[in-house]
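Enquirer: Each chain is listed here by its residues.
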Amino acid sequence: MTFLLDGIVFGLQLSLVAVGLTLIYGLGGVLNLAHGQLAVVAAMVGAVLLAAELPMVVAVAGALAAGGALAWLLDATLLRPVYRLAGERRVLLSLLVTLGVAFLLDGILITTQPFTALTVPVAGPAIDVVGVSMRRGSLIASGVAVVALVGLIVFLRWTRFGRAVRSMVQDEEGAALCGVDLSRTRTVVFVLSGLLAGLFALTQGLISSVGATDGLDITILALIVTVVGGLGRVSGAVVAGLLLGIVHALASFYIGAFVTIVILLVVAMLTIVVRPAGILGKVS
Amino acid sequence: MLRVDELHVAYGDTAVVHGVSIRVEVGAAVALIGSNGAGKSTLLRAVCGLSRATRGDVVFDGRSIVTDPAFRIARAGLAYVPAERRLFPGMTVRDNLAMGAYPRKPGEGRLDEVLTLFPRLRERRRQAAGTMSGGEQQMLAIGRALMAQPRLLLLDEPSTGLAPVLVDEVYGALRVLCDDQDLTIVVAEQQVPRVLDLADHGYVMELGRICLQGTAAELRDHPEVQRAYLGMA
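Just so you know, the sequences run in chain order A and B.
With our numbering applied, the first sequence covers 1421 to 1704.
With our numbering applied, the second sequence covers 3 to 235.
The hints are simulated quantities; they were obtained by calculation from the structure and are not laboratory data.
Among the hints, a few may not be true.
[To be verified] Rough simulated footprint, nothing fancy, chain B against chain A, three-plus residues with beta-carbon under 8 angstroms:
hint: 1; stretch: 1447-1455
hint: 2; stretch: 1528-1536
[As the list claims (entries may be wrong)] To list a few chain B residues with every Cβ distance to chain A over 10 angstroms, as calculated:
hint: 3; residue: H20
hint: 4; residue: P166
hint: 5; residue: Q183
[Claimed, not checked] Some chain B residues judged to face chain A by a derived CB distance under 10 angstroms, without partners named:
hint: 6; residue: C50
hint: 7; residue: G51
hint: 8; residue: I75
hint: 9; residue: A76
hint: 10; residue: A81
hint: 11; residue: P84
hint: 12; residue: L89
hint: 13; residue: G92
hint: 14; residue: D97
hint: 15; residue: R106
hint: 16; residue: G109
hint: 17; residue: A131
hint: 18; residue: M134
hint: 19; residue: G136
hint: 20; residue: A150
hint: 21; residue: A218
This structure is a prediction, so every number in the text was calculated from the model and none was measured.
Glycine is no exception: its CB is placed at the ideal position from the N, C-alpha and C atoms.
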């Protein structure tokens, strides 16, 4: 039972960090290798604000704003030439550009904030959940993740703008012919993915901590979840996150934490071989 | 309603449309005839903003739209149904139609009109667009374009790949739109007899240029059209 609950807690975190990545891939054909760094920048802003003894609300708002603003800046500047290309060339250029951004941000973070880490303190004793003692921080983090993920799915499924986003994932030109402003929609979704990365940083801070050098690890985890869930599929990313979270918990108990990332990669590889469109996708 | 002036369009370094001019009056049905590669699609894509013209002008309702992005032209009331249809295959018929009205809310009345025009779509409202037959997809593509209540409808090869009975159905619907709903229509087509039955005016395009124009009757009787497109000696 403990594994299951630990797996769900971690899985929700994986889902939260992966949905932003999968959305902008589906929408813009941009695989954002700096996604983890967006989360880390948000974490650093939150940590600095908390260290300055500002109220929690300010730190939360600051972290989210940092994630969103950085995403907006990326979309408005470096990704403009990327959007002008189509198909494979767009994906390739996006990989190079965002990888450069990832290294740049890593460099800046490691030199300026080498020892900063975001931990969001929660007071109070552990809570009993079906016989398992769970830390409050983990429960709050999971609750926030569930609300955010459900909210995102509802937004995509039942709002007019959400429908436009889905239509763009399916056919960009068709969406333009229907009157969808591709560039503006992309910007909104990119900012949304930055906000989600910021939210991930905060909830991860509730569970454990986010340090200055964690960007690459976060990106890799998000990539694995995105592949297993099917590129561009939000509901797929949610299911894949939960599944991989549980696999992760089991693997770290029975085998050891050192090997879990390899096991997750193996799951992703198997997915590509067996179900290339992701676990919720149709078998082709 | 629509005026294309000396339009030049190039793909990369290759010019595909060389100084084409056409006029479409309000309420007219205009045929754009030509073989594969004549530049019809390129011309239509440039008119609706999916490709950029290198020279020339496109004037819609008295306003130049030649530099506008596609979404703005669509919102201005110029709808384009491409030959590839560009549907959203994983979304339902209903969602595809709703997207046609974007960014406005899809009106129930309009939805009903479109479903009355294409009864097959009504039966398949909840079906994913990608699972339908070519003919049904063509109807959905036209229906989606109509959801925005456009004033001008451009269609590229609406009959391609369809069984004759479905071509009848599609052209029947276009006839209703022209006659009863006073929609202005431009149809690029290789099935010349069909499109000349629908149109009152037409242009013949060859190698990126307009080589012939006239009323539908004039074109039907023209020896060159008869030889090249109507299979008469």
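Enquirer: Now tell me if each hint is right for this structure.
Expert: Hints, one by one, checked against the model:
1. 1447-1455: violated (count 0)
2. 1528-1536: It is violated, with 0 qualifying residues against the three required.
3. H20: Holds, because the least Cβ-Cβ distance between B:H20 and chain A comes to about 24 angstroms, which exceeds 10 angstroms.
4. P166: Since the minimum Cβ distance to chain A is about 27 angstroms, B:P166 lies beyond 10 angstroms and the statement holds.
5. Q183: About 20 angstroms separates B:Q183 from the closest Cβ of chain A, which puts it past 10 angstroms; holds.
6. C50: Given a least distance of 7 angstroms, the restraint on B:C50 holds.
7. G51: This hint holds: B:G51 lies near chain A, its Cβ roughly 8 angstroms from the closest one there, short of 10 angstroms.
8. I75: holds, 9 angstroms
9. A76: holds, 4 angstroms
10. A81: holds, 7 angstroms
11. P84: holds, 7 angstroms
12. L89: holds, 6 angstroms
13. G92: At about 6 angstroms, which falls below the 10 angstroms cut-off, the nearest Cβ of chain A leaves the hint on B:G92 intact, so it holds.
14. D97: Because about 6 angstroms separates B:D97 from the closest Cβ in chain A, which is inside the 10 angstroms limit, the hint holds.
15. R106: holds, 8 angstroms
16. G109: Status violated, d = 13 angstroms.
17. A131: With a closest approach of 9 angstroms, the B:A131 hint holds.
18. M134: Given a least distance of 15 angstroms, the restraint on B:M134 is violated.
19. G136: Hint on B:G136: violated, closest Cβ of chain A at ~16 angstroms, above 10 angstroms.
20. A150: holds, 7 angstroms
21. A218: violated, 27 angstroms
Hint check: violations occur at hints 1, 2, 16, 18, 19, 21; the rest are consistent with the structure.
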